[in-house]
Structure formats: structure tokens, C-alpha cells
Amino acid sequence: MFDMVDGNEFNADKAYKDSKLCNVLFARELQRRMDAEEGSNIKVNSFTPGLIVGTGLFRDQNKVFTKVFDVAATKLLKVGETPHYGGGGVGDVALS
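Numbering (the working numbering), first residue to last: 77 to 172.
One or more of the hints may lead you astray.
Computed cross-link-like contacts, PhoX-like style, restricted to lysine-lysine with a CA-CA straight-line distance of at most 20 angstroms [said to hold, decoys possible]:
no.	residue 1	residue 2
1	K151	K119
2	K143	K154
3	K139	K151
Quick list of simulated restraints, FRET-style, between CB atoms [unchecked claim]:
no.	residue 1	residue 2	range
4	F145	I118	31 to 41 angstroms
5	F145	E105	29 to 39 angstroms
6	D82	S116	32 to 42 angstroms
7	S172	F78	18 to 28 angstroms
8	G132	N99	17 to 27 angstroms
9	D111	F141	38 to 48 angstroms
Since the hints were made in silico from the structure, they are not lab data.
Cβ coordinates follow ideal geometry from the N, Cα and C atoms, glycine included.
Model the full structure from these sequences, guided by the hints.
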């Protein structure tokens, strides 16, 4: 198994969250560099579609947990998104 960058044992949840932070930091740095280029009109975005349970992210988890989490996130707590909604956001960012 892999170790985390900080030397700790691999933690899938932390790795996922860290990857989202890295995407934002990369986009910010790339935008800074684009702004420094004279005449550049390039805009850089980073995007996360939100919590979309039914995409395979939890494929290695217990199936009962995954189903309960899906219902809790999308129906009860209303913090989860559908793949359609998340994909629509990607389209909006790409076309803006």
C-alpha cells in the first residue's frame, strides 16, 4: 500500500480531500502565471461537483454502508448531489 506524503499510513479519505486542495492550489498558481504573461487572456478554474455518492468513489466500502450513506446524503441531509447536477456544473465552468 502507499504512504501519505506526510509519511503516515495511507488514508483514502484524506488523500481525496488533499487532492481537491491541490487542484485549487494548482489553479491559483497557474492563474498567477497566466496573469503575469503580457497579453494573456486565459482564465483558470478549479471545480468540484460536490458529494456525488453514486459514482464509484465508495466502491471499496461495505455495500450496505454505501447505500445508507447515499440515502442519508441525498435524501435526508440534502448534502449530496446527483451525477447529472455535478456534470452540469462542469459544463457551466467549461463554457464560462
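Hint check:
This hinted pair does not check out: K151 and K119 have alpha carbons roughly 36 angstroms apart, beyond 20 angstroms. At roughly 15 angstroms between alpha-carbon atoms, K143 and K154 fall within 20 angstroms of each other, so this suggested pair holds. Under the criterion of a C-alpha separation no larger than 20 angstroms, the hint pairing K139 with K151 is consistent with the structure, at around 18 angstroms. A C-beta distance of roughly 39 angstroms is found between F145 and I118, which places it inside the suggested range of 31 to 41 angstroms.
About 34 angstroms separates the C-beta atoms of F145 and E105, a value consistent with the hinted range of 29 to 39 angstroms. Against the hinted window of 32 to 42 angstroms, the Cβ-Cβ separation of D82 and S116 comes to about 35 angstroms, which satisfies the hint. At about 36 angstroms, the CB distance of S172 to F78 disagrees with the hint of 18 to 28 angstroms. For the pair G132 and N99, the beta carbons lie near 19 angstroms from each other, so the given range of 17 to 27 angstroms is met.
Taking the beta carbon of each, D111 and F141 are about 45 angstroms apart, inside 38 to 48 angstroms as hinted.
Hints 1, 7 from the list above are not met by this structure, while the remaining hints are.
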